[in-house]
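*Asks:* Just need the whole structure built from these sequences, with the hints factored in.
If you're matching them up, the sequences are chains U and H in order. Be aware that the first sequence starts at 1, since it is given in the numbering used here, and climbs by one per residue. Be aware that the second sequence starts at 1, since it is given in the numbering used here, and climbs by one per residue.
Accuracy of the hints is not assured; some may be wrong.
As the list claims (entries may be wrong) - Derived SDA-like pairs (lysine to any residue); straight-line CA-CA distance at most 25 Å: (1) H/K135 with U/Q249; (2) H/K241 with U/I169; (3) U/K185 with H/D68; (4) U/K185 with H/E86; (5) U/K148 with H/I147; (6) U/K212 with H/F205; (7) U/K67 with H/D188; (8) U/K212 with H/I147; (9) U/K185 with H/K67; (10) U/K67 with H/E182; (11) H/K67 with U/F205; (12) U/K212 with H/K212; (13) H/K67 with U/K148; (14) H/K185 with U/E237; (15) U/K248 with H/D245; (16) U/K241 with H/D245; (17) U/K67 with H/F205; (18) U/K185 with H/K148; (19) H/K185 with U/L167; (20) U/K212 with H/D39; (21) U/K241 with H/D188; (22) H/K185 with U/F205; (23) H/K212 with U/F205; (24) U/K212 with H/K135; (25) U/K198 with U/E146; (26) U/K241 with H/N216; (27) U/K67 with H/K185; (28) U/K241 with H/Y151.
By construction, these hints were calculated from the structure, which means they are not laboratory data.
There are 2 protein chains.
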Amino acid sequence: MINIAVDAMGGDYAPKEQVEGAMLAIRDFEDVHITLYGDESTLKKYLRDDTRVDIVHTTSTIDMGEKDPIHAIRGNRDSSMARALESVRQEKNDAVVSSGATQALIAGAHILVGRMKKMKRTAIAPVIPTAPGGKMVLLDSGGNLEIKPEYMVQQAYFASIYAEEILGIESPRVGLINIGTEEGKGRDLDNEAYRLFKENDNIRFYGNVEPKDVLNPPADILISDGFTANIVMKTIEGTAKGMGDMLKQEMMRGISGKIVSALALRKLKRFKRRLDPAEIGGAMIYGLRGVVIKAQGSSRRDGFYNAIRQASDIVRQDVIAKVADIIEQEGA
Amino acid sequence: MINIAVDAMGGDYAPKEQVEGAMLAIRDFEDVHITLYGDESTLKKYLRDDTRVDIVHTTSTIDMGEKDPIHAIRGNRDSSMARALESVRQEKNDAVVSSGATQALIAGAHILVGRMKKMKRTAIAPVIPTAPGGKMVLLDSGGNLEIKPEYMVQQAYFASIYAEEILGIESPRVGLINIGTEEGKGRDLDNEAYRLFKENDNIRFYGNVEPKDVLNPPADILISDGFTANIVMKTIEGTAKGMGDMLKQEMMRGISGKIVSALALRKLKRFKRRLDPAEIGGAMIYGLRGVVIKAQGSSRRDGFYNAIRQASDIVRQDVIAKVADIIEQEGA
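*Replies:* Listed below in structure tokens is the structure:
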């Protein structure tokens, strides 16, 4: 049985959507058991089917708008998030899924789950849909603003195994996010990372990738420092949103606008669905002793369901042990 | 009379589109005189109207795919690009427009035009259309991969005057590109830049701007170091391209697809036109003794025409002298 801890109180629509997502998951995945962490009486209101679902009552919640999330997670050991994370260290559960505050989840994961042996830095790695209908891993999307190139190599191992085992990409290629494609482009960090990736046998290195190919990338994994990759992720989000607004304006314009819009509406909806991160699940925090998935704060039940599916896939494929093998070999 | 030097040989469609763009500009702007730099016999083939147009014959061209553009510009003083740049230093012309290789143009501008007094670093600043139908300046899009925060302040002066005088934005606001909106977010560089912007009376500082608002920004100028801003620019380009591909796929799908597509085609075209950088002109290189505009390499005549219009506006509004006033005051 795969045991998944759900932080049921974190997220914009918690706990209703979290509980409903959990019920959907239980229906589809017979080898999954879920423990919901949160206010018992509230959760019970939404839990219409408790097959393979337990509730652990917790008394507080890390607020989404928390100004000092690291302090909050330290000071609220009985919060739903902290208790869910702790259960993984205690080996009561194999994975945590939370759509709570990102910085609190990262800090809590460090404190309460802990880093893998010899893993120098964790990373957050969302999966982004590509234009040809594929998927790519983008990292580090916010963990380490400044990082040593050798730590990026460890993160690339993790991403490679993740892409192969979870996304089903055979021999995934790693691309370094850069301002030009030629070797020698970019900052010292980028040049040093290029060199290390190129000479490493555990990585299938593609070379530099310019973000003008970001939705049609020649590699399956795009990596940079946590500042740059976060900027890339947010620029994708901002451009998609801005273009959506512009497109809507153009579609609605003029007399023919309304007719075209009615016809095109269904297609635009499917288009938006393709770009929706909820379709893919959440972002995994790489480098921990357990599986921690950050679902979007705005997750509805489908998004949360997908994040639970993703967590159970990672446990089933034993991703962390496979990464640990490479990292421990390297260290020897 | 405003004298504009046109590097007629640089760009994917040179010299035909460059010459045609120049003829369009001459027709519309009666106070503009253009000198075309390039192979005289080739240029003459396309030049059907030589009102206020001269040709200066040059014997070589900086190749677009040049591997070592800085070496190329140094070694080819009789190239169309070098001769056009040189003419500005010699005060034969007020501005240069080129769609030639970017790195060669930057290097050439440093060597042959020279930096403004007390200006520490140049910057490249494209203008990007925003979703509500406005414009914003993005910088530095590739000049200085690593930069001191105090040099960013000078670039922000330039951008502020440019936005006011050329884009017609009253009291333009400057936003610092960052991974979060709160003060204290980002790297040391970002924090130091934040502090300097905040306490500077010559800048109307908005604060941090996350790129998830990049096409609907709360500021008129978005600034970061040359690596980050270049990554933002290329991610906008890549996302727009990828989304366009996805949208086309969705629009063409199914039986109703063809009908919808036919109706929506005209609207999509207008949409693409809104995002087209050729509509705006080129990217100005800030911080030089003269006006240098980098038009897109793929410019057609309309794009090149717009870049000439932009160059003449900058000369007419005396932008460089206005920036020099502030920078020299600061230095005093």
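*Asks:* What are the numbers of the hints the structure violates, in ascending order?
*Replies:* 4, 6, 13, 19, 20, 21, 22, 23 and 28
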